[in-house]
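Chains as they are written, first to last, in the working numbering: chain A, 1 to 399; chain B, 1 to 399.
None of these hints come from the bench; they were simulated from the model. Fair warning: this is a prediction, and the values are worked out from it, not measured in the lab. Each hint should be verified, as a subset may be incorrect.
[What the hints assert, rightly or not] Here are the simulated DSS-like cross-link-like pairs (lysine-lysine), alpha carbons at most 30 Å apart as the crow flies:
id : chain 1 : residue 1 : chain 2 : residue 2
1  : B       : 182       : A       : 239
2  : B       : 154       : A       : 389
3  : A       : 58        : A       : 213
4  : A       : 297       : B       : 389
5  : A       : 65        : A       : 27
6  : B       : 389       : A       : 3
7  : A       : 27        : B       : 389
There are 2 protein chains.
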Amino acid sequence: MTKFEEISPSDFFYRNKEIAGFENPAKACYTIVREFLENSLDACELGGFLPEIEIYMKSVSEEEKRLRIKVIDNGIGVPHDKIPLAFGKILYSSKYVLRQHRGIFGLGGKMAVLYSQITTNSPFRVISATPNNGYISFYELKIDILRNEPIILKRSKIINQNGWHGLIIECEFVGDYLLSKKKIFEYLFQTSIAVPYAKIYYQDYEGNALLFKRKTDKMPPIPEETLLHPRGVDLEMLKRLIKINPSLSLNRFLAKNFQRIGQKAAEEVLKLANIEFEKPVSKLSEEELTRLYNVMKSYPFKRPSADSLSPLGESFAIGIKETFNPEFLSYDMREPSSFEGHPFIVETAIAYGGDIPIPEQNEINLFRFANKIPLIYDSYNDVSMKVIKSINWNVYKLN
Amino acid sequence: MTKFEEISPSDFFYRNKEIAGFENPAKACYTIVREFLENSLDACELGGFLPEIEIYMKSVSEEEKRLRIKVIDNGIGVPHDKIPLAFGKILYSSKYVLRQHRGIFGLGGKMAVLYSQITTNSPFRVISATPNNGYISFYELKIDILRNEPIILKRSKIINQNGWHGLIIECEFVGDYLLSKKKIFEYLFQTSIAVPYAKIYYQDYEGNALLFKRKTDKMPPIPEETLLHPRGVDLEMLKRLIKINPSLSLNRFLAKNFQRIGQKAAEEVLKLANIEFEKPVSKLSEEELTRLYNVMKSYPFKRPSADSLSPLGESFAIGIKETFNPEFLSYDMREPSSFEGHPFIVETAIAYGGDIPIPEQNEINLFRFANKIPLIYDSYNDVSMKVIKSINWNVYKLN
Numbered sequence: 001m002t003k004f005e006e007i008s009p010s011d012f013f014y015r016n017k018e019i020a021g022f023e024n025p026a027k028a029c030y031t032i033v034r035e036f037l038e039n040s041l042d043a044c045e046l047g048g049f050l051p052e053i054e055i056y057m058k059s060v061s062e063e064e065k066r067l068r069i070k071v072i073d074n075g076i077g078v079p080h081d082k083i084p085l086a087f088g089k090i091l092y093s094s095k096y097v098l099r100q101h102r103g104i105f106g107l108g109g110k111m112a113v114l115y116s117q118i119t120t121n122s123p124f125r126v127i128s129a130t131p132n133n134g135y136i137s138f139y140e141l142k143i144d145i146l147r148n149e150p151i152i153l154k155r156s157k158i159i160n161q162n163g164w165h166g167l168i169i170e171c172e173f174v175g176d177y178l179l180s181k182k183k184i185f186e187y188l189f190q191t192s193i194a195v196p197y198a199k200i201y202y203q204d205y206e207g208n209a210l211l212f213k214r215k216t217d218k219m220p221p222i223p224e225e226t227l228l229h230p231r232g233v234d235l236e237m238l239k240r241l242i243k244i245n246p247s248l249s250l251n252r253f254l255a256k257n258f259q260r261i262g263q264k265a266a267e268e269v270l271k272l273a274n275i276e277f278e279k280p281v282s283k284l285s286e287e288e289l290t291r292l293y294n295v296m297k298s299y300p301f302k303r304p305s306a307d308s309l310s311p312l313g314e315s316f317a318i319g320i321k322e323t324f325n326p327e328f329l330s331y332d333m334r335e336p337s338s339f340e341g342h343p344f345i346v347e348t349a350i351a352y353g354g355d356i357p358i359p360e361q362n363e364i365n366l367f368r369f370a371n372k373i374p375l376i377y378d379s380y381n382d383v384s385m386k387v388i389k390s391i392n393w394n395v396y397k398l399n
Numbered sequence: 001m002t003k004f005e006e007i008s009p010s011d012f013f014y015r016n017k018e019i020a021g022f023e024n025p026a027k028a029c030y031t032i033v034r035e036f037l038e039n040s041l042d043a044c045e046l047g048g049f050l051p052e053i054e055i056y057m058k059s060v061s062e063e064e065k066r067l068r069i070k071v072i073d074n075g076i077g078v079p080h081d082k083i084p085l086a087f088g089k090i091l092y093s094s095k096y097v098l099r100q101h102r103g104i105f106g107l108g109g110k111m112a113v114l115y116s117q118i119t120t121n122s123p124f125r126v127i128s129a130t131p132n133n134g135y136i137s138f139y140e141l142k143i144d145i146l147r148n149e150p151i152i153l154k155r156s157k158i159i160n161q162n163g164w165h166g167l168i169i170e171c172e173f174v175g176d177y178l179l180s181k182k183k184i185f186e187y188l189f190q191t192s193i194a195v196p197y198a199k200i201y202y203q204d205y206e207g208n209a210l211l212f213k214r215k216t217d218k219m220p221p222i223p224e225e226t227l228l229h230p231r232g233v234d235l236e237m238l239k240r241l242i243k244i245n246p247s248l249s250l251n252r253f254l255a256k257n258f259q260r261i262g263q264k265a266a267e268e269v270l271k272l273a274n275i276e277f278e279k280p281v282s283k284l285s286e287e288e289l290t291r292l293y294n295v296m297k298s299y300p301f302k303r304p305s306a307d308s309l310s311p312l313g314e315s316f317a318i319g320i321k322e323t324f325n326p327e328f329l330s331y332d333m334r335e336p337s338s339f340e341g342h343p344f345i346v347e348t349a350i351a352y353g354g355d356i357p358i359p360e361q362n363e364i365n366l367f368r369f370a371n372k373i374p375l376i377y378d379s380y381n382d383v384s385m386k387v388i389k390s391i392n393w394n395v396y397k398l399n
C-alpha cells in the first residue's frame, strides 16, 4: 500500500535544500553570505539609505567546520511584530510584490535560519530597528520545521537612544569556508562594481579584511510597484483580479487593472473576444474568460512600462571606472524590452587597460549581472562569452 | 511601509514555475511528458507489473499552441479517495519516503494540473483503478491555487468489469511542441535503454509514432524503505525520531532507528558523547543532543546499506544490446558507496559498432542517467565527457 503524506513548506525545503542553494557546506556558506548581503542592500535601497554593510565571518570550531556569521546594515529593519514570521515561516515574505528585488524566491533568510538550526542546533539572533520608531527589537528564534512556525526563544525591546535603524543578524552554521572563500570574495568584488553607492566591509577569521568604499552618493531611483501588462497575465491572475473587483464592468476592469489598456484598447479587446462591454466581471462565463484571455495574449498592446525596474544606469559606469580606472570605457543601456509581458533592460559596458587584471591567453574577463546580482557560476558557458569570443577583435585593433 | 504576505505552496510554485521545469511553453511540454512517464514507470514498478505505457500528444489549436496529452499505464493506480489530494494539493505526495523514486520533489503531476489550468482554463481528467478493488474512478479536477486545495468538478465510480488496473490522465496545456519534440524523442529513446522491461508507445499529431518494445521480462527488484544511516542525519531528523520514541533509552533508541548501529557501536557513540546509556531520549538536554549529533557525524560507522537503491543492473546491458546490437559491450557496476550518509551505486557501460549512430568527428555518444532518468541537458559540460575525451583511445586501437 502506497503511503501518502502532506508536508509543510519548511519541511519541503528542508528536504530539498538544493533549491535554495544549500546543497552542501561549501555552497551553503556562499549562499548565506549572498542572501544576507542582498537582503541588506534591498532594505537600504527601499528606505533610500546609502548602504553601509558589515559582514563578519568567525570560526567557532575548525574541526566541526562550525562558523558564525554576523551581518550589520543600516536599512529599514523589520518591524517588531513581523520578525518571527519574516525569519521563521517559509512562504511568508515582503518580496511577494510586483517590484524588482534581489534574492531567491524570498526564501534566503529563512533558509539560513533553518540551515543553522539543523547543523548546529543554535538559535538565530535578530536585532532590528525601523526608522523613527523609538525602540530596538531583540529576538532569538528557531523554526518548527514540521509545522512551519517560528519558535520564539527570547524577545525584548529597548529604547532607541540614538535613532539607529537597520538590521543585525547572527547565526552559527556548518560551512566549508576554505572551499567557498574564493567565490565569496569574487561575489563581494563584483557586487561592489554593481552598487558603487554602497560601502561594504567584510572580515573573516583568517585575517582577511575587504573594504569596498562608496564611490558615489547617487543611488538609482527606487523601483515602483506597477500594474500588470496584459501579455504577462495567465488565467489564474485574471481570476484573482476578478475576485478583487467583482462588480466592475469589463471595460472598466481592464482599464483599471492593466497597464497599456485605455478605454479604446479595452473596447477593441472585448469586441474581439465577443463579450459585452458593460457586463460585470463576476458574471463572465468560463468560456468568455478563456476567450478574453486568448485575445489578451495576442492583441498588439504597447510594450510594458519599465517603471518597476531599477537599472544600474550611471552607477554601473561609475563602479567600473572607480574600480579599474580603465583607459577606455563605454557603457550603454538599451531601450526597455519585454518577454511574455515582463519588462527587462539590457545594460552593457566594455573596458580595457588601467587596473583591469590581464586574463589568460585567449580569455576575457566577463562579469555578468542579473537583477543587479553577480552571476558567479558557469560564466564560460554563457552565451555572452560565446558572442564575445566570436568577434574578430583585430578589426578594432585589439588582440 | 513594507508589505509582508503569506502565500500557499501552490501559489509559491505558481510564481516560481521554473523550479519544477515549467519556465516556458517548450520546457513545460517536455517536462509534462517526462513527469507523467516517470510517475507511470514508478507506479508499475512498485506493483511489480511490467510497464506498458502509452502517450498521445494531440493538437487542439495550432495557433494558440494548445495541446492535449493523454497517458495510459498499467500501474497500481491511485486510490479513489486519494486522487483529489494526490493531483490537487502541492506538498501532498506518496514520494516522501526513504526509497529511491523518480521525479522532481514529488511535484510533477500537480504542476502539470496547475500549468494546464493557468494556460487553458481546462480541468485535469483522471481515470484510476487500483489492483483487485472492483471499481474504476473518474475525476475532473482543478486546483484552488490561493488555498492549495483541490477543486473537484466531477467524480464517479463504475464497476471494474475486466480487472484493469492503472492510471489514465488527460489534460490540455499551452506548449511549444515544435521546440520540444526533439528533446522528447531523445528522452523516450534513452529511457527505453534504461528500462528495457517496459513497453512504451508514443504518438503525436504530426504522424510520428515511436514504439519501444519490451526487450526483457526481468525487472530489477523493488527498492526497500530503509533505516537512516547515522551520517546522513541532521539535528532536525534526530529530534523527529526522539519525538516518535520518547521513552526509549538512548542505546536502544540508536540501535532501533539507525542502520549500522548495533549494541556495541551505540555504547561507543554514547561514551564518546559523554551521555548515560540508559537515559530516556526525551530527557536529553540541548547540549547533550548537540554532542550526540557531533559524534554521529564523525564516528567510523560501516558504509550505508544499498537496500534502498534499485540499480539498473543486468537490465542496462540488455537495453544497450537490444537497442544497438553492438560489436563490443562491457558493463560494470561498482560496489555501493556513500556521500554524507546517502548511498549510491555507479553503473557504466561502454560499447561500439553495430547500430550505434556514428558521432561527429572527435565527438562521442554519451548517455547519462541519474536515478534511472536520462539527463538530456548539458551533456557536453559533464565531467564524464571531459574524462572520456582525455583518454588516449589510440592505446586501445580505437580512434
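Each hint tested on the structure:
no.: 1; hint: B:182 with A:239; in the structure: violated (35 Å)
no.: 2; hint: B:154 with A:389; in the structure: violated (58 Å)
no.: 3; hint: A:58 with A:213; in the structure: holds (22 Å)
no.: 4; hint: A:297 with B:389; in the structure: violated (47 Å)
no.: 5; hint: A:65 with A:27; in the structure: holds (13 Å)
no.: 6; hint: B:389 with A:3; in the structure: violated (45 Å)
no.: 7; hint: A:27 with B:389; in the structure: holds (28 Å)
Figure legend: structure checked against the earlier numbered hints; hints not met, in rising order: 1, 2, 4, 6.
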